[in-house]
Amino acid sequence: MIAVELFKLVRRVRTWVSITLICALPLVVAVFIAVTHIAPPPGQGSAFLSAVLDEGQLYPAAALALVLPVFLPVAVAVVAGDSIAGEASAGTLRYLLARPVGRTKLLVAKLIAVITFAVLAVVAVTVTSYATGVLILGPSRAAAVGTTPGGLAPGSIAPGAGGAPTAGLQPGAAITSLSGTPLTFVELIERVLGAMAFITVSMLGVAAIALFLSTLTDSAIGAALGSLAALVISEILVTLNAASAVQPYLPTRYWLAWIDFFRQPILWRDIQRGFAIQAVYVVVFLAAAWANFATRDVTT
Amino acid sequence: MITTQQLTKRFGHVEAVRDVSLDVRAGDRYGLLGPNGSGKSTLVRMLLGLVYATSGSISVLGSPVPRHVGRVLPEIGALIEEPAAYPHLSGRANLRLLDAAGPHGARRTRRRRVDEALEQVGLAGIDRRPVRAYSLGMRQRLGLAAALVRRPRLLILDEPTNGLDPRGIRDIRDLLIGLNAAGVTVFLSSHLLPEVSALCTRIGVLDSGRLVLQDQLASLQEPTGRVLVSTDDPERAVATLDGLVERRDGADLVVRSVDPAALNARLVEAGVPVRSLMAQRRSLEEIVLNVTGAGSDQFGVPAGEAAPTVSPAQESQDII
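In order, the protein sequences belong to chains A and B.
All residue numbers for the first sequence refer to my numbering, where the first residue is 1 and numbers rise by one.
All residue numbers for the second sequence refer to my numbering, where the first residue is 1 and numbers rise by one.
There are no misleading hints in this set.
FRET-style restraints, in silico, Cβ to Cβ:
1) B:D19 with A:L6: 42 to 50 Å
2) B:R153 with A:F7: 23 to 31 Å
3) A:G91 with B:S21: 27 to 35 Å
4) A:I221 with B:R170: 39 to 47 Å
5) B:H104 with A:G138: 55 to 63 Å
6) B:D19 with A:R296: 17 to 25 Å
7) B:E15 with A:L6: 37 to 45 Å
8) B:E82 with A:T217: 19 to 27 Å
9) B:I177 with A:T217: 38 to 46 Å
10) B:R71 with A:V246: 42 to 50 Å
11) B:S55 with A:T217: 22 to 30 Å
12) A:V283 with B:G12: 30 to 38 Å
With the C-beta cut set under 7 Å, the calculated list includes, among others, these residues of chain A facing chain B:
13) R94
14) A98
15) P100
Calculated directly from the structure, the hints in this document are not laboratory data.
Where a beta carbon is used, it is the ideal one built from N, C-alpha and C, also for glycine.
So that you can see chain A by itself, here it is in the shape it has in the complex:
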């Protein structure tokens, strides 16, 4: 059944269109930055973007930061929201269940397909943005600093701003961590892989919520929008001081913790909490999805 769901995933045009769109966003951003040599000042804009003018090889990190808040969760929510509700509204759900495919088995296969989609998307973004970074922005473009047009905040691409979360990098050093110490290429690979894993896992909370809603309704779009609404609420509450009491339990609270992979040494505290909170969301909403789906009447 898992193979069947994966086959359905890769044979859907939607899968590839959404992955293409997700990959296109960092490409567009890279083109603008490469043409204008204007990167956001440190501390502003998306993480790592201020650094990529100096170091094209860091672009995968910047690209992940670009797609993380909206594109990736939207795509995952659409795929997960469609998983049961889409089959129900198309009428294929009743034929699958009458085949028979066990309801629990179907739910697990759907979850695995959604995870596969998230992995595909994250890997695609990383690979394409690495190519983009190297080809368009170029490796170690420290020379570009001098040619940057004015109008930026002072010290925007200044070297040695170690410690600040999205500080620029030291020119000359091969690749530099956010803490200002150099990273070897192998370390960079490890940390990008770590960040990819963390971001994929960060999507599982959304996926589980969307999958649960997908078992409640026959409207795929409704399930996707419902889970996105939950995310938007979470993202707003994360920035709201008045909501600080609930913030540690919000699904998006530790989404940006993957940046800590690029510190020297890696700052594990928030990363671990991020993994833990996603695990809790996955367990709770999958259990709810299972409890609902296994006992409900299939009338579509």
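Assemble chain B onto chain A, guided by the hints.
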């Protein structure tokens, strides 16, 4: 094959199925009749473990449903309301995918079984076009092929001839009769009386969720004790038969008699020119309308089919 005991399903306050005790025997071609909204689809879904009963029990192929639905369903081919397929895939890809999804779909024989099923429903020549481009009739045939891919012992078909043209309806009827002769039990639901009448050996009638009738079609259609006579000389026939004529409509007479042969001999002896003479049998339509209450106007009798009062002899058998 299928038995249910006091099966009841409530959706909120609505009782979709009430106290239904179905009895489908091995080798039957069973037709479940009922107007739209009478509970046919809910009943079919309960048999397949898609909808859970509120009370009562179900046994299919000797196993309780839904408890052992995983053991029962591989032996069943089902068409549940409209057929459904993944529109971006070809018909063949859809059948292979569905076959791969459940148990007992041996990969080794899949290609052959899929081709066989397509051939059975008259789709052997389909190309790689996606199902999106199929006509309604082709989708219906594909849905039937999907039901046949596992070579089931029992077919549960909800409205199997939906969307088919007269030729398609005939093809499917012949196919189902052929499969039945080869040992497959057929259970179908329909609101089309002529279809059921032409295909089924046993019927059940649902009315507002209740099973109001269940019997062999042949015994329901025993002669009624009336004979329909058509003659060029109705005056003399009426005079000869003396009080046995119940109704006269021009040259057509309805005569009370349990022995058509004797009646014929009597008329011929008296010199009445008999054009035709047949034992009256109740039409399926009459049988169904007789047991269903309000809402029977929802029966989808195709336009042009005569109403029972006009032609009670519709299903009768000519004996001359």
